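Student: Residue-level listing of the chains:
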Amino acid sequence: MASVADPRVKDLAIGGVRVPAALVRETWPDPYMDIEDYDPESDLMSLNMGPQHPSTHGVLRVKLFLDGEICVKCVPYLGYLHRGVEKLCEKLTYVQVPSVVDKNDYVSPMMNELAVCMSFEKLLGIEVPERALVMRTVIAELQRLSSHLLWVGTWGLDMGGAIGGGGSLFIHTFRERELFLDLFEELTGGRFHYNHHTPGGQRHDIPPGWEAQVHQVLNVLESRLIEYEDLCTDNHIFQARTVGVGVIDPVLAMELGVSGPVARASGIDHDLRRDAPYAAYDRVKVQVPVRQEGDCFARYMVRLAEMRESIRIVRCLIDDIPEGPICGAKMVKLPGSQKVKAKEFVYAYSAIESPRGELGTWVVGQPKSASAYRCKIRPPSYHLVSMLPYLCVGQMISDIVVVLGSLDPILGEVDR
Amino acid sequence: MIPDDARALFERLLEEKDPHPEIGPRVPCDQLLAVARALKEELEYRFFVYCAAAHFPAPKDAEEGTPAEILVAYRVRRLGPGTVTVPFHVRVPVDTASPSLASLYAGADWQEREQYDLVGALFEGHPDLRRIMMPEDWEGHPLRREYAIDTPHFPWR
Amino acid sequence: MALDESNKPFEHPVYSVLEQIPGGAIGLTTLDSLLTWGQRNSLWVFPMATSCCGIEFMAAACSRFDMDRIGSIARGTPRQCDVMVIAGTITVKMAPRVKKLWDQMPEPKWAIAMGSCAISGDFYRDIYSVVPGVDVFMPIDVYVPGCPPNPEALLEGMRALQQKIEAQRNGTWVEPVISADSHGLRAPGIPRVGSPSREDSVDEAQLASVQGMGLGGAEKRENE
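Protein chains in written order, with the working numbering: chain A, -15 to 400; chain B, 3 to 159; chain C, 54 to 277.
It is worth saying that the hints were derived from the structure and are not from the lab.
Predicted model only: the values in this text are computed from it and were never measured.
Careful, some of the hints might be misleading.
[Claimed, not checked] In silico lysine-lysine, BS3-like type, Cα no more than 25 Å apart, as pairs:
no., chain 1, residue 1, chain 2, residue 2
1, C, K162, C, K217
2, A, K352, B, K62
3, A, K75, A, K352
4, A, K327, B, K19
5, A, K323, A, K75
6, A, K75, B, K62
7, A, K352, A, K323
8, A, K106, B, K19
9, A, K47, A, K75
10, B, K62, A, K(-6)
11, A, K323, A, K106
12, A, K323, B, K62
13, A, K325, A, K106
14, A, K75, A, K269
15, A, K352, A, K47
16, A, K327, B, K42
17, C, K162, A, K47
18, A, K327, A, K352
19, A, K352, A, K106
20, A, K325, A, K75
21, A, K352, A, K325
22, B, K42, B, K19
23, B, K42, A, K325
Same shape as in the complex, but just chain A (with noise of 0.2 Å):
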């Protein structure tokens, strides 16, 4: 590896991309660091966050030790929303667990879905008509649409409180998001969790209406990002406090298994959908926004890049999708009918690219059940909020928070 502290260096090809050398450092906080070696003579002060807290980001309690205002060492507490259902899914058959997982990263939940159900079709070797790919990929661009809308206003909350201005940011953008949950209840009947996706397709085909509907909201969402853009990029106080704030060094992230916004801002070219395209997305160009600085700003400035992807791939996709049935396999009237055949294990791992990073499923088929042995959620959120304690370590308190909004965890796929 060149050496970091050439300044003629200004990226390294490090595990299959170029990073930026700026952001790699030699060393790492240690997570584990004894309290007691930091300074014996001084005071440190031991502030809880959470498990429940303002900032709308789930049950998470970080306990912080503190130099004044200053972190010294962050360790993260998981489990508060541990809800089992990893051992659910062994219980349930293979057509059941999409309603399940739903929950987990109950933001954008069809992702859920879709991770499972491609994993399951995987090991049960069903194939997905061309209709049901590109309504995927459509309704797949619609959720990173709202899910990045509400991670706008919740940032905006977490920075500015709700009667100190967050508030405004975080009211807009929930008017936006109420437009795509109309959209989905216009399609599956639900708001908010849908079982849509099944191993084989989806249940529900398009309403009559539906693609104007979407046109609409998107030309709506297009002007409204401009809004934002005014609101927020150019504002003094926002550049304040995230410009230069929570700079995540690339190797740590590649490391940590964190990919999505956070990995990009940081300038990791990786992207699922455009390097190990699934569903419908061999058919559009992603274009992938690479931001070098790695901080707080640059995480904002990526996922408002990718919303104006999203409004793209979806205006590509939505006025040519084929005609055709939607689930390849026929639609399950019997909990148990769709089963592994193989006689021995069967395993399968497939990987979709969630608005927080790879959202995985690793499932280990059992010979003549309909019920998964082991199916294992990979969240991305996971590895996000497992930065913490490398992050934290030398920011101030308001820091904290605003970085580990900018991370964007949700709770519900950390602890399932």
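For chain A, the structure is supplied; the task is to place chains B and C on it using the hints.
Tutor: Same frame as chain A, but now just chains B and C:
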């Protein structure tokens, strides 16, 4: 499918010509760190995807002495255009430790803790192997096959 | 639910003064109805939002389904709130914290269980780490069903709570009886609060678990 450069590495280090396409070759415990280091440093598979464990109790009709096993499956990825993943796995008897990859991949740290918590897979050389999802004083490993899903826990359920 | 004496309709010291003045009873009723109107129309909410219902709660607070127009705003601390909305699944690890926060809320206080997970644990009710319904450890006034409930359903639930508060203050509220017989439905392993089959040992154990958190308790102050 396992990419060719990883296949060549497995053949060189493990003499394994035909690894399983989905969970990779079975790596003996004493060679796990060497294989992982080679994948990371020689072939640039630096992205840690997952560490997943599954409990396989001894089948009922097996002979006397067939141990219950824990399968620990790993996967690493090389990023960028043409991204590929390489799986590999370890099978150990229950309550035997397999080596931990936490010294090589920072992401293995928490993943292995979770698998210890839920499945009871032990990892040797892990900096801090304790429960992460369940409360600290929980007994039992919930994702073991014999663990009852509706285990009560006074006074909350 | 009026489980203990401190939860009866609020009385102000001015009442005893007004009672002594001849004709003061009219002033009393007017004052009382004014205070009732004020209380029920300004219920500040403490969102105990753990999972998906929390997002619908946020949507209910936003511009389409505005919660502020019925006087409710969400506050981050239990000390300033009247109503606790439990939105989301409560797990065994989280339950002592929820109970602690409930105990920290000053009287008079009410609770709304939002969503199936808070009412009965939804389909997670048989799982080793999920509390099957929040009323296993705290009294609930309004149950709002749904997974997640529409924000309109939550607003309806808050409206129902407002009507309940008014009825309680007027003295026209009839307390529903929780029978020990579960009418053919499956009851949770721990009897619900207010159920005749619930024993004091359960209450004491839950309180002990709450007090055991923090210094010297189950989570020791470790320097890790």
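Student: Work down the list of hints and note, for each, if the structure agrees.
Tutor: Verification of the hints:
no. : hint               : in the structure
1   : C:K162 with C:K217 : 12 Å, holds
2   : A:K352 with B:K62  : 17 Å, holds
3   : A:K75 with A:K352  : 14 Å, holds
4   : A:K327 with B:K19  : 23 Å, holds
5   : A:K323 with A:K75  : 14 Å, holds
6   : A:K75 with B:K62   : 20 Å, holds
7   : A:K352 with A:K323 : 6 Å, holds
8   : A:K106 with B:K19  : 24 Å, holds
9   : A:K47 with A:K75   : 36 Å, violated
10  : B:K62 with A:K(-6) : 60 Å, violated
11  : A:K323 with A:K106 : 12 Å, holds
12  : A:K323 with B:K62  : 22 Å, holds
13  : A:K325 with A:K106 : 12 Å, holds
14  : A:K75 with A:K269  : 40 Å, violated
15  : A:K352 with A:K47  : 47 Å, violated
16  : A:K327 with B:K42  : 34 Å, violated
17  : C:K162 with A:K47  : 30 Å, violated
18  : A:K327 with A:K352 : 7 Å, holds
19  : A:K352 with A:K106 : 16 Å, holds
20  : A:K325 with A:K75  : 19 Å, holds
21  : A:K352 with A:K325 : 6 Å, holds
22  : B:K42 with B:K19   : 20 Å, holds
23  : B:K42 with A:K325  : 36 Å, violated
Checked against the numbered hints above, the structure violates hints 9, 10, 14, 15, 16, 17 and 23; every other hint is satisfied.
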